[in-house]
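Let chain V serve as the given structure and place chain A with the ligands on it in line with the hints.
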Amino acid sequence: MSTALVADKRPSTLRGARLPKWSPWAIATGSIALGIGIGLAAGLDSEVQWGLLAGLLFLLGTYGIAARVEGRRQAKDRIATALVWVAFILAVVPLASLVWATVQRGVKVLDVYFLTHSMGVVADSEPGGGIYHAILGSLEQVGLATLIGAPIGVLTAIYLVEYGRGSLAKAVTFFVDVMTGIPSIVAGLFILSLMLMLDLQPFGFAGSLALAILMMPVVVRSTEEMLKLVPNELREASLALGVPKWRTILKVVLPTSIGGIVTGIMLSIARIAGETAPVLLLVFGNPFINANPFEGAQASLPLYIYQQYAQSAGSQPAYDRAWAASLTLIAFVMILNLVARGIARWKAPKTGR
Amino acid sequence: MAKRIDVSGLTAYYGSHKAIEDISMTVEPRSVTAFIGPSGCGKSTFLRTLNRMHEVTSGGRVEGKVLLDDEDLYGAGIDPVSVRREVGMVFQRPNPFPTMSIFDNVAAGLRLNGSYKKSELGDIVERSLKGANLWNEVKDRLNKPGSGLSGGQQQRLCIARAIAVEPNVLLMDEPCSALDPISTLAIEDLIGELKERFTIVIVTHNMQQAARVSDRTAFFNLAAVGQPGKLIEIDETERIFSNPSVQATEDYISGRFG
Ligand SMILES: Nc1ncnc2c1ncn2[C@@H]1O[C@H](COP(=O)(O)OP(=O)(O)O)[C@@H](O)[C@H]1O
Ligand SMILES: [Mg+2]
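Those protein sequence lines, which keep their order, are chains V and A.
With the first letter of the first sequence counted as 1, position 214 gets the number 214 in the working numbering; the numbers rise by one all the way through.
With the first letter of the second sequence counted as 1, position 45 gets the number 45 in the working numbering; the numbers rise by one all the way through.
Chain V extracted, bound-state conformation (with noise of 0.2 Å):
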């Protein structure tokens, strides 16, 4: 009995003093308020060094106080999750103020009528007009540059990772490397030198080459990468029924890592889709609408937006025009990214009963 009591009084070594759940939140609102208040006392007009500030007294408020409380070592693994927590909303905050001002400058002009008519018969300082023209022009070059791209990435990656052996494999990889690292406008220049040899005027397909070009190297690397994730045994079960190694690869290897070579496509659509040094030079644009890609010049979004605001000196319905065409290149750009989760998910190897 006494003993019992005795052991109840000893303090015991699996329980400490904890600081409450709410504590965080107390702590990280109680560090905005300082860091505004420090800000607005010392005349520190960017709001920019208010929320450093703050995150700074986060980090420093939460070790302190959890270290009175609760000890050196709770207040290390505290101070790791509040480095996450700022590190993320630095992150964070940046991409969320980018789309919320394109969302709030773009859809000032953004109507039906403005994705319905081109800027045949306006002025590019006037109101008015649209960007048809330049979503049929995107949409041209940077299909015809997947219909080249998308297919040659996928044939060279299932090469590399399926057959290639020795030195032939071993250079491709690199070239693979190189083109990786080739900026978009040398890509442009590289079709731009080609075209003038042969004499040809600006138009969309030269366009879709160089993109291809910029789209090709990140195909092989993301289809390689999912190549890889298919577990050999599987190759193995499909040989050993007397499946031809051909046949495994179309029938085994490729439904099984359709998902993730789709998303990877998706992708790098998504990349070659805001590129506009290539179009610039190859391309040119065009204020008309313009359906066929192998003759004239064309439009296209990213370079709108960049003609948009270059060439109308200054004027606010320009550069709304400009602000209403980035925000469709953003949808654009995010629906891609939607239908490639949605592909991933529903062609994802099914488990479950």
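Just so you know, these hints were derived from the structure itself, not from any lab.
Treat each hint with caution, since some may be false.
As the list claims (entries may be wrong) - Restricting the straight-line Cα-Cα distance to at most 25 Å, the calculated cross-link-like pairs of lysine to any residue (SDA-like) are:
#, chain 1, residue 1, chain 2, residue 2
1, A, Lys195, A, Asp70
2, V, Lys251, A, Gln92
3, V, Lys251, V, Ile152
4, A, Lys117, V, Trp246
5, V, Lys251, A, Gly114
6, V, Lys76, V, Val86
7, A, Lys3, A, Gly192
8, A, Lys118, V, Pro255
9, A, Lys144, V, Pro255
10, A, Lys118, A, Phe103
11, V, Lys251, A, Lys144
12, V, Lys347, A, Asn143
13, V, Lys251, A, Glu120
14, V, Lys170, A, Glu55
15, V, Lys228, A, Thr57
To be verified - These stretches of chain V come out as covered by chain A in the derived footprint (C-beta under 8 Å, 3 or more residues):
#, segment
16, 222 to 234
17, 237 to 244
Glycine included, C-beta positions come from ideal geometry on N, C-alpha and C.
Same frame as chain V, now just chain A with the ligands:
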């Protein structure tokens, strides 16, 4: 249509590393032959030379002869793909195709080979699943993914998939080592039934299993790590476990090893 296997002077390499050396043995049709021996002595390597899966690994190379009823599997003009249709294989870890349903998994060999009549496919799948003692457990969910089955069921699905293409020989590399005792028993029973129709070779680390299921047992060993594995002896299972002719075999079986 079980066939006899005659191996003579077989040596296999991984690149420059000699994994097994100079192995000769005969495997009788309609019987179960078990391979036992310590890890790394080349049982899997030898098994994979019997259906030309060894050369799938990069650097894999084979010397010697493997006769399947008088035809040399490594002879000139032999297509490894056709060899694998005659000599099927079940792996250590169950590996059903994750993108396919149970039905499609069993039908995979026929479909991917393009060698079937559409009207027969359903019958063949049913027969194979019954042959693998899995039919009653899955007949109501043939369209569900194969990866949703338990480990033991998945392994029987893999056996059904292997026997659906009607091979002459069935190779099994430690088919029960990833399974619980109940599933192991189910597969051992199955092996007893399958040997009526196929020539079966099974690698196992489980001495009792070898004694239970096999008619003949081969003991492999290697002199030292890094040395090639060799066949020490092959005999009736009863003899191997009661009165082996080589001392090393007796040491290994009785656990007095190394
Ligand atoms: N893919 C491989 N590449 C190189 N060496 C291998 C490979 N697989 C097995 N080996 C070597 O071959 C020898 C025999 O291995 P294995 O046939 O797997 O033995 P067991 O199945 O009897 O355990 C070992 O020395 C092993 O290191
Ligand atoms: Mg093995």
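Structure versus earlier hints - violations, ascending order: none
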